[in-house]
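Colleague: Using the working numbering, the first residue of the sequence shown is number 156, and each one after it goes up by one.
It is possible that some hints are incorrect.
Stated by the list, open to error - In silico lysine-lysine, DSSO-like type, Cα no more than 27 Å apart, as pairs:
id: 1; residue 1: LYS382; residue 2: LYS437
id: 2; residue 1: LYS330; residue 2: LYS175
id: 3; residue 1: LYS182; residue 2: LYS233
id: 4; residue 1: LYS396; residue 2: LYS366
id: 5; residue 1: LYS440; residue 2: LYS300
id: 6; residue 1: LYS396; residue 2: LYS437
id: 7; residue 1: LYS397; residue 2: LYS382
id: 8; residue 1: LYS319; residue 2: LYS440
id: 9; residue 1: LYS412; residue 2: LYS382
id: 10; residue 1: LYS291; residue 2: LYS175
id: 11; residue 1: LYS397; residue 2: LYS429
id: 12; residue 1: LYS412; residue 2: LYS396
id: 13; residue 1: LYS382; residue 2: LYS440
id: 14; residue 1: LYS290; residue 2: LYS175
What the hints assert, rightly or not - Simulated restraints, written as ranges between beta carbons of each label pair:
id: 15; residue 1: MET392; residue 2: TYR217; range: 26 to 34 Å
id: 16; residue 1: ALA255; residue 2: ASP384; range: 49 to 57 Å
id: 17; residue 1: SER385; residue 2: SER268; range: 27 to 35 Å
id: 18; residue 1: TYR316; residue 2: GLU393; range: 25 to 33 Å
id: 19; residue 1: PHE180; residue 2: GLY230; range: 21 to 29 Å
id: 20; residue 1: SER385; residue 2: ASN177; range: 19 to 27 Å
id: 21; residue 1: TYR296; residue 2: ARG342; range: 33 to 41 Å
id: 22; residue 1: LEU298; residue 2: LYS319; range: 14 to 22 Å
id: 23; residue 1: GLU430; residue 2: GLY199; range: 25 to 33 Å
Simulated from the structure, these hints should not be mistaken for laboratory data. The beta carbon of each residue, even a glycine, is placed where N, CA and C say it ideally should be.
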Amino acid sequence: MWFSLLEKNYTGIPYLETQKINRDFIKYNNLNICDLLINNITCGCYTQLCLNEFYIPTKAAYTNRNFIHDNLITGFDKEHRQFKLLGYNKENKLSLSTVAFEEVEKAFLTIDSLLDNSLGVGSMDYVTHIFMLTKKEGISYTLDKICIKEALVDYLYGNSYDEKFRMINNPNRKKLFGMNVYPELSRHFLERDSRALNDIRILHLIYEHKKVMVMRIRFLFDNKCMKEDSLLLDEFMEIEKKALVLRNLHIKYLISKETLILDIIAADLISLYKEERILIEKLIKLF
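Start from the sequences, fold in the hints, and give me the full structure.
Modeller: Written as structure tokens, this is what we have:
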């Protein structure tokens, strides 16, 4: 089991139209990446692509190490020959910056020489393609309460999302889904798995999920989509706070390297798992 933090799948967003082009297509057709990005913006498309941040001045990896990461191109200034780029800055905070055409071009082209080395990302779809994102106009989507309830049941019992589409793609039997992730993640911390110990994104992702769950429940209550239960909402807010404490404990470990913290995280993940199961069961009954 591991968290898939690198997949880019926008098919579940009804308001977003996505197109993608393989990097090889750009290379073999002698397309200039800067011209392509400018034309995309002119046509109303943001472009998500991977860059070697060694060449991007606003990045922590600048002139320090080769580092492939995705960024979003949101605009350009032809007069000053600059792109507007949304991504993580030197402080690892999401921010908008301006980057010279030449720097973006070099950061894009130099990835090819890195794809076959030990970085291990050469086969990732988000690296081998660029994505053009456009807002769909005139789209109407009616909230589907039955679908929401089914998704909550799947989350509660860890039902495989892949199984629903096995007619078009073989399921990955190694994946875990929903709440089944918690005990396995706890085990990784207990066994000192380096992937869990050194990647803050995992517990941060769990915290963000709890935060979004509170927002979703509040939205459903406010729009009379389900029976309102203010006490249940308060209990979910407590779960969010506990998830934030877990995330912060991980940050504390990364600074102090106190291994006792890992045992606390492992135990708290199981506690969170048990508490959230009870709340999800209550939530399902409100539909």
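Colleague: It remains to establish, for every hint, whether it holds in the given structure.
Modeller: Going down the list of hints, with the structure as the test:
no. : hint                           : verdict
1   : LYS382 with LYS437             : 11 Å, holds
2   : LYS330 with LYS175             : 26 Å, holds
3   : LYS182 with LYS233             : 23 Å, holds
4   : LYS396 with LYS366             : 9 Å, holds
5   : LYS440 with LYS300             : 12 Å, holds
6   : LYS396 with LYS437             : 19 Å, holds
7   : LYS397 with LYS382             : 25 Å, holds
8   : LYS319 with LYS440             : 24 Å, holds
9   : LYS412 with LYS382             : 46 Å, violated
10  : LYS291 with LYS175             : 16 Å, holds
11  : LYS397 with LYS429             : 13 Å, holds
12  : LYS412 with LYS396             : 23 Å, holds
13  : LYS382 with LYS440             : 9 Å, holds
14  : LYS290 with LYS175             : 15 Å, holds
15  : MET392 with TYR217: 26 to 34 Å : 40 Å, violated
16  : ALA255 with ASP384: 49 to 57 Å : 54 Å, holds
17  : SER385 with SER268: 27 to 35 Å : 58 Å, violated
18  : TYR316 with GLU393: 25 to 33 Å : 28 Å, holds
19  : PHE180 with GLY230: 21 to 29 Å : 24 Å, holds
20  : SER385 with ASN177: 19 to 27 Å : 51 Å, violated
21  : TYR296 with ARG342: 33 to 41 Å : 39 Å, holds
22  : LEU298 with LYS319: 14 to 22 Å : 20 Å, holds
23  : GLU430 with GLY199: 25 to 33 Å : 45 Å, violated
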